[in-house]
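2 protein chains.
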Amino acid sequence: MDSIMLAYIAGFLDGDGSIFFQIVPRKDYKIKFQIRGSVAFYQKTENIEILEWLKKNLKSGYIRNRRTGMSDYTIVDSKEVEKILNCLQPYVRIKKKQLILGLNILQKIKSVKSDKDFLEVCKLVDKFGELNYSKKRKVTYQTVKERLQK
Amino acid sequence: MDSIMLAYIAGFLDGDGSIFFQIVPRKDYKIKFQIRGSVAFYQKTENIEILEWLKKNLKSGYIRNRRTGMSDYTIVDSKEVEKILNCLQPYVRIKKKQLILGLNILQKIKSVKSDKDFLEVCKLVDKFGELNYSKKRKVTYQTVKERLQK
Numbered sequence: 049m050d051s052i053m054l055a056y057i058a059g060f061l062d063g064d065g066s067i068f069f070q071i072v073p074r075k076d077y078k079i080k081f082q083i084r085g086s087v088a089f090y091q092k093t094e095n096i097e098i099l100e101w102l103k104k105n106l107k108s109g110y111i112r113n114r115r116t117g118m119s120d121y122t123i124v125d126s127k128e129v130e131k132i133l134n135c136l137q138p139y140v141r142i143k144k145k146q147l148i149l150g151l152n153i154l155q156k157i158k159s160v161k162s163d164k165d166f167l168e169v170c171k172l173v174d175k176f177g178e179l180n181y182s183k184k185r186k187v188t189y190q191t192v193k194e195r196l197q198k
Numbered sequence: 049m050d051s052i053m054l055a056y057i058a059g060f061l062d063g064d065g066s067i068f069f070q071i072v073p074r075k076d077y078k079i080k081f082q083i084r085g086s087v088a089f090y091q092k093t094e095n096i097e098i099l100e101w102l103k104k105n106l107k108s109g110y111i112r113n114r115r116t117g118m119s120d121y122t123i124v125d126s127k128e129v130e131k132i133l134n135c136l137q138p139y140v141r142i143k144k145k146q147l148i149l150g151l152n153i154l155q156k157i158k159s160v161k162s163d164k165d166f167l168e169v170c171k172l173v174d175k176f177g178e179l180n181y182s183k184k185r186k187v188t189y190q191t192v193k194e195r196l197q198k
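Here the protein sequences line up with chains A and B, keeping their order.
Mapping of the first sequence onto this note's numbering: residues 49 to 198, in sequence order.
Mapping of the second sequence onto this note's numbering: residues 49 to 198, in sequence order.
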């Protein structure tokens with residue numbers, strides 16, 4: 049993708065998008081949780097073309113239409129999220145801190161070898177939530193720590 | 049300004065900005081109304097830096113902090129709005145129709161020579177309002193027509 053397209057997408061992400069990380073319970077995982085990063089773009093369903101255009105160019109993720117008249121285009125696959133964040137890094141302005149920390153988390157996840165390593169990444173996810181002023185997070189470092197101590 | 053910066057601004061405008069036109073009552077004007085075009089960018093006050101950066105680069109307009117924790121950066125001067133819309137035209141995607149119609153309105157305003165000409169521009173402003181799904185417009189083509197018939 050060329051730099052003009054990436055700059056546009058970065059501006060759109062800063063305006064109406066979101067980068068976020070979640071700790072998701074996973075019964076089938078050895079460490080009972082998964083750390084999931086997402087990049088999402090929001091728009092009124094009547095403007096869904098822009099989300100389809102993004103999907104065509106970013107080549108991953110899925111579009112959902114909400115009953116509220118809003119749609120979102122979300123990428124969750126770690127490799128894809130990492131690739132997109134790397135591409136957008138030179139152009140993003142408002143969400144620069146999130147982007148850097150996000151890349152850091154995605155790097156660290158790869159080298160997790162113990163519960164302790166995993167908990168360190170959970171701490172970073174909590175920090176990420178603070179950057180986003182996120183109030184809806186249910187599973188935090190503390191949740192994981194308590195679960196692993198059982 | 050370089051194309052990468054303009055592409056970013058276009059993406060930000062598509063995501064979190066607005067182009068709009070108003071018909072404003074003006075007692076001191078010969079035709080008792082003024083047609084005013086605006087380009088506005090919105091952001092939480094905590095992210096005001098991005099609005100300051102935009103102002104520094106677009107070199108006009110003003111920033112306002114609302115009590116709601118939101119800020120906006122708005123450009124109203126016709127010449128400046130026209131210049132900005134021209135610069136952003138190759139990059140804007142969602143608001144492309146608004147941008148083209150906006151430039152058309154700004155062109156037509158310049159050659160208004162009669163009440164009839166002015167009313168024609170007011171019609172275009174109504175059309176612009178429809179593109180924006182604007183519900184708050186008080187002064188429309190009809191208002192101006194009735195006032196001029198008095």
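By construction, these hints were calculated from the structure, which means they are not laboratory data.
Bear in mind the structure is a predicted one, so any value in this text is a computation, not a measurement.
Treat the hints with care, as some may be off.
Each pair may be met inside one copy or between any two copies, as identical chains are not told apart.
Claimed, not checked - Here are the computed lysine-lysine pairs in the DSSO-like style, where the Cα-Cα straight-line distance is at most 30 Å:
#: 1; residue 1: K183; residue 2: K131
#: 2; residue 1: K131; residue 2: K198
#: 3; residue 1: K175; residue 2: K161
#: 4; residue 1: K75; residue 2: K92
#: 5; residue 1: K78; residue 2: K104
#: 6; residue 1: K144; residue 2: K107
#: 7; residue 1: K171; residue 2: K145
#: 8; residue 1: K198; residue 2: K92
Margin query: At most 30 Å between alpha carbons: which applies to K198 and K92, within, between, both or neither?
Written below: neither (45 Å within a copy, 42 Å between copies)
Check: Between copies, within a copy, both or neither: which fits K175 and K161 at Cα up to 30 Å?
Finding: Within one copy only: 21 Å inside a chain, 61 Å across chains, cut-off 30 Å.
Note to self: I want to check one pair: K75 and K92. Are their C-alpha atoms no more than 30 Å apart within a copy, between two copies, both, or neither?
What the structure shows: neither (35 Å within a copy, 39 Å between copies)
Next item on the list: With 30 Å as the alpha-carbon cut-off, assign the pair K131 and K198 to within, between, both or neither.
Entry: neither (36 Å within a copy, 64 Å between copies)
Next item on the list: At 30 Å max between alpha carbons, let me know whether K171 reaches K145 within a copy, between copies, both or neither.
Entry: within (16 Å within a copy, 46 Å between copies)
Check: Using 30 Å as the alpha-carbon threshold, which applies to K78 and K104: within, between, both, or neither?
Finding: Intra 35 Å, inter 52 Å, cutoff 30 Å: neither.
Item checked: K183 and K131: within-copy, between-copy, both or neither at 30 Å Cα -> within (27 Å within a copy, 41 Å between copies)
Next item on the list: Evaluate K144 and K107 at a C-alpha cut-off of 30 Å and name the case that applies: within, between, both or neither.
Entry: both (23 Å within a copy, 24 Å between copies)
Checked against the numbered hints above, the structure violates hints 2, 4, 5 and 8; every other hint is satisfied.
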